[in-house]
Amino acid sequence: MKKILAAALSAISVFAYNFAPAQTKTINITKNYSGSIYAKNQVMVATRLMGYIKKMNVEEGDVVHKGDILFEVDPSDIYSMINQARAGVMQAQNGVLMAKLAYADAEKDYQRFKNLYEKGAVSKRDFEKMKLNMDMRSSQIKLAQAMLNQAQAGLQRALDQKKYAKVKAPIDGVVVRKMTKVAEMAIPGHPVLVLADLNSIQARTFVKEGDVKDIKKDQNAKVFVGAINKTVDAKVANVIPSADPATHSYLVKFSLSDNSGLLPGMYAKIYVKVASKTEVVIPYNALTSRGGIVGVFIAENGKAKFLPVNVISQNGEEVAVSGVNSGDKVVILPPANMTDSTPLN
Numbered sequence: 000m001k002k003i004l005a006a007a008l009s010a011i012s013v014f015a016y017n018f019a020p021a022q023t024k025t026i027n028i029t030k031n032y033s034g035s036i037y038a039k040n041q042v043m044v045a046t047r048l049m050g051y052i053k054k055m056n057v058e059e060g061d062v063v064h065k066g067d068i069l070f071e072v073d074p075s076d077i078y079s080m081i082n083q084a085r086a087g088v089m090q091a092q093n094g095v096l097m098a099k100l101a102y103a104d105a106e107k108d109y110q111r112f113k114n115l116y117e118k119g120a121v122s123k124r125d126f127e128k129m130k131l132n133m134d135m136r137s138s139q140i141k142l143a144q145a146m147l148n149q150a151q152a153g154l155q156r157a158l159d160q161k162k163y164a165k166v167k168a169p170i171d172g173v174v175v176r177k178m179t180k181v182a183e184m185a186i187p188g189h190p191v192l193v194l195a196d197l198n199s200i201q202a203r204t205f206v207k208e209g210d211v212k213d214i215k216k217d218q219n220a221k222v223f224v225g226a227i228n229k230t231v232d233a234k235v236a237n238v239i240p241s242a243d244p245a246t247h248s249y250l251v252k253f254s255l256s257d258n259s260g261l262l263p264g265m266y267a268k269i270y271v272k273v274a275s276k277t278e279v280v281i282p283y284n285a286l287t288s289r290g291g292i293v294g295v296f297i298a299e300n301g302k303a304k305f306l307p308v309n310v311i312s313q314n315g316e317e318v319a320v321s322g323v324n325s326g327d328k329v330v331i332l333p334p335a336n337m338t339d340s341t342p343l344n
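For the sequence shown, numbering that gives the first Met the number 0 assigns the number 0 to the initial residue and increments by one for each residue that follows.
Hints listed in this document are in silico derivations from the structure and should not be mistaken for laboratory results. Mixed in with the good hints, there may be bad ones.
Keeping only pairs whose Cα atoms sit at most 25 Å apart, straight-line, the calculated DSS-like set for lysine-lysine is [as the list claims (entries may be wrong)]:
(1) Lys162 - Lys215
(2) Lys252 - Lys272
(3) Lys39 - Lys221
(4) Lys54 - Lys221
(5) Lys167 - Lys141
(6) Lys229 - Lys212
(7) Lys207 - Lys234
(8) Lys276 - Lys328
(9) Lys130 - Lys99
(10) Lys162 - Lys141
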């Protein structure tokens, strides 16, 4: 038994520990928040026609491009309008023709009475009646032509309505909401779909009221989107100066340096640099815990000494802590059985 104990003590005494000096560094103090990706600009897509949805080509979440056909409205009523407008044009054309024929007759009568009047065969009164009749027929041509122009404009409007039966995407975007289904009535001015503009992608989060004082417009930040494993440089775009009455938190929006691959609704982790500060920094893998207390072991007079620490922030493989002095030698990856006074030589 004594031999086993001696061997164990010998093994501990010859265990090769690694050390690193605690250093004073200027570090960035960051705060992190859970947020999401969203589109700053959203477009409500509606139809200019009243009618039933005949075909829906998209679903929520679909990415669309400008000019893609999103849905179609049943054009039956439009074709009825076109047929009525065409009938109106034909009727107006017939009216112009009849007016021109009437004018031609009136003009012949005028010329005939003119010759008779010059020969003294008819009275001036009868001659003036023929001239008045010809002028009236001329006015009727102008009125019939105006009615034809109006009927043709009506036909053109009806024909123009036909193209509105197929509703196209006005922007590149993603469908974030569908409000009307196939066979339901589409009403002019009432949105059928909502598109989010993919060129206006931003990030947003809510920060608690105690943190909002540390966040200013144009402040640097980083946004990590785990869905596509992407980190993007960002800046604070807006801090909305009105708190949510239920959570007492403030909405903060971030502009992104690169929004390629990002889609509205993606979960994001947002890191905001709030200050720079001089702190004592140690390797992350020097941290350990004893009895539920986070701390480190330092070398003191050839033996281990446990010091409780408070972690201020982490940057990669380094952590800023309080409770350790600059220059202290901390033990890297201390074994689970290390205690105060464990020999380190």
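Hint by hint, here is what the structure shows:
In summary, the hint linking lysine 162 to lysine 215 is not supported, as the alpha carbons are separated by about 49 Å, beyond the 25 Å threshold. Between lysine 252 and lysine 272 the CA atoms are separated by roughly 15 Å; this keeps the pair inside 25 Å, and the hint holds. Pair hint lysine 39 plus lysine 221 holds up; C-alpha atoms about 18 Å apart against a cutoff of 25 Å. A threshold of 25 Å between alpha carbons decides the hint, and for lysine 54 with lysine 221 the separation of about 43 Å lies outside it, so the pair is violated.
At roughly 41 Å between alpha-carbon atoms, lysine 167 and lysine 141 are farther apart than 25 Å, so this suggested pair is violated. At roughly 28 Å between alpha-carbon atoms, lysine 229 and lysine 212 are farther apart than 25 Å, so this suggested pair is violated. Between lysine 207 and lysine 234 the alpha-carbon distance is near 19 Å, which keeps this suggested pair within the 25 Å criterion. This hinted pair checks out: lysine 276 and lysine 328 have alpha carbons roughly 22 Å apart, not beyond 25 Å.
The suggested pairing of lysine 130 with lysine 99 holds, with an alpha-carbon distance near 16 Å, which does not exceed 25 Å. With a CA separation close to 32 Å, the supplied pair lysine 162 and lysine 141 exceeds the 25 Å bound.
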